[in-house]
Structures are given as C-alpha cells and as structure tokens.
Amino acid sequence: MNVAVGQVESTMSAEASEVGDVPASAPVRRRRWPRVIGAVTVVGLGFAAWIAFEVFVDESRPVPSFPSLADRPDRSLQGTVAYTDLKGCVRLVAAGGTPSKEVYCLPPEDMSKAPHSTRIRHSRRGPRPHPS
Amino acid sequence: MNAELVWLPDGRLQVTVPGGGDAGAKGSQRIYDIVSGKVETVPAADIDLETTTWSPRAVNGDGERLTATSKGGHGTVVVTGDSGSRTVFDEKGGSQYSVGDEPSWSPDDAFILLTDSSARLLVVTPDGGKARVLAEELGNGWAITDRDLLVTGDP
Numbered sequence: 005m006n007v008a009v010g011q012v013e014s015t016m017s018a019e020a021s022e023v024g025d026v027p028a029s030a031p032v033r034r035r036r037w038p039r040v041i042g043a044v045t046v047v048g049l050g051f052a053a054w055i056a057f058e059v060f061v062d063e064s065r066p067v068p069s070f071p072s073l074a075d076r077p078d079r080s081l082q083g084t085v086a087y088t089d090l091k092g093c094v095r096l097v098a099a100g101g102t103p104s105k106e107v108y109c110l111p112p113e114d115m116s117k118a119p120h121s122t123r124i125r126h127s128r129r130g131p132r133p134h135p136s
Numbered sequence: 832m833n834a835e836l837v838w839l840p841d842g843r844l845q846v847t848v849p850g851g852g853d854a855g856a857k858g859s860q861r862i863y864d865i866v867s868g869k870v871e872t873v874p875a876a877d878i879d880l881e882t883t884t885w886s887p888r889a890v891n892g893d894g895e896r897l898t899a900t901s902k903g904g905h906g907t908v909v910v911t912g913d914s915g916s917r918t919v920f921d922e923k924g925g926s927q928y929s930v931g932d933e934p935s936w937s938p939d940d941a942f943i944l945l946t947d948s949s950a951r952l953l954v955v956t957p958d959g960g961k962a963r964v965l966a967e968e969l970g971n972g973w974a975i976t977d978r979d980l981l982v983t984g985d986p
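Protein chains in written order, with this note's numbering: chain A, 5 to 136; chain B, 832 to 986.
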C-alpha cells in the first residue's frame, strides 16, 4: 500500500512538476482574452457608431433643391401641363414655366366621392393621397 | 384627392374622379374647355373608364426609354437607347426621398418630366442638365399636351 501510495504521490509530484512548468505560459493565455474581448467591443462600438452616423447623415440630408421655372421661364419648352394640386384644384402651367393659373376646383360632391387623405405616399405618377 | 387628367384631341381637359370605393361606382367625370372656361359634366352612364388614365411617354421617337429608380434616398432617371445609357437625373435626399417611377418624355421629345417625393413636378433635359421645378404641391394627377394653350388660348 505504501508503495502504491508512494507511486501515487510520485505521480502527483510529477504532475505538479508539469503543472509547475505551465504557470509561465498559462497566465499569458488568460490575459489575452480580455484584450480580444476589448478589441471586439471597440470594433463593434465603432461599427455601431459608424452606422448611426450614416443613418444620421441620411436622415439629415436636405431635400434637393432646384431652380424654379416660374422664376426663370424657358420659352424653349413647349406645351401645357395640367395637374391637380393638394387642395383638389386643377391648375395649368406652361411647360416653359409661365403663365400658370388655377382653372378649376373640383366641386365638393366630387371631393367627397374621391378617396381622400392628408397623408401622402409616392405612387406610379407621383405623390398621391394615401388610401385611408 | 384622387383625380385622373387626360388631354382630349380637341384640346379640352378631361377630369375624372374615381368612385369612392363602392363596387361598380364610376365616380364623376367633367370636361373642361380651357378657351371658353365651360365645364361639361359627363353622365355616369357615358363614363368610359378605359380612357380616364393618361399614360406617360416612356419611350421617345428615337426609341429611347426612360427608367426611374429610387433607393435609400437616391433617385435617378436613366435614358437607354441603341447607343447606350445616360443618366439625366441623379439626386440624393433624406432616406425617404424618391422619384416617381413613371417619368415621361414631352410630346416633342425636347425634355423629360418627372415627379419626386416632395410633391414637385420637375423638368430635365435629355442632356442631363440641372433639373428645374415646374410645379409644386402636386396632387396625384398630371398630363401634358403639346399645345401652348395658356399662350394662345388664355381665357
């Protein structure tokens, strides 16, 4: 039994000796994980910040502005355009910019028949009242 | 307000307001004479729903086709013909900015009309010059005729 115990002790001693060799490298391995996690966290936060910035830039980008043909007519543009405005009136405008005039507002009975909403969605031909 | 506009061959403007959701309802239709200012109401039985919608000219006399695309606040209009493609409108706005997907050549093919999500009717030239605003606060319907009615027939 003693011999056996001695062998066990001997074995344990040998393992302890092997373990004793490990401490030189094991702590280094343990220290790397926090660095990796920290790096991943920093990269992740940076990526999230970049996404947030891009979204902010997109949302805050102004609607493009263009010169108005009403201010500077172009007589080379021929034709007449009819369109409905947001009040339910039909307007005419020369393709060159002017003149422009309101020619006809739909009577109330027509307006009451038409699908109507103040919300605007984009559609086949442009913004149109959103179906309620 | 939802109305369809069509220029008739005689220069009068047909304005159709579709029915308000009742099955089979034709809505109302009126014909406006720009020169005289008179408005004619079309009897409901005579309303032809097949002729109430004006179709934009997607292809011009040279066979060049207009294509509008909008993605992520970026609106473009491209002209595609036998000689290739060229971009005539290329603008970015906020993420909700877009262009209408049915731009149209003018009757004489001299310019292009398109709408954007800011309820504007815009004019661009085929050479890709800066867009110009023709109309603001645009409702759902618009149509163009080659006649200069406001110059020669202003009532």
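Wrong hints could be hidden among the right ones.
Okay, the calculated bits of chain A under chain B, using three or more residues with CB under 8 Å as the criterion [to be verified]:
#1 36-45
#2 59-68
#3 91-97
These are calculated hints, taken from the structure and not from any lab test. Glycine residues also receive a C-beta, built at the ideal position from the N, C-alpha and C atoms.
Going down the list of hints, with the structure as the test:
| no. | hint | result |
| --- | --- | --- |
| 1 | 36-45 | violated (count 0) |
| 2 | 59-68 | holds (count 8) |
| 3 | 91-97 | holds (count 6) |
Checked against the numbered hints listed earlier, the structure breaks hint 1 alone; every other hint is satisfied.
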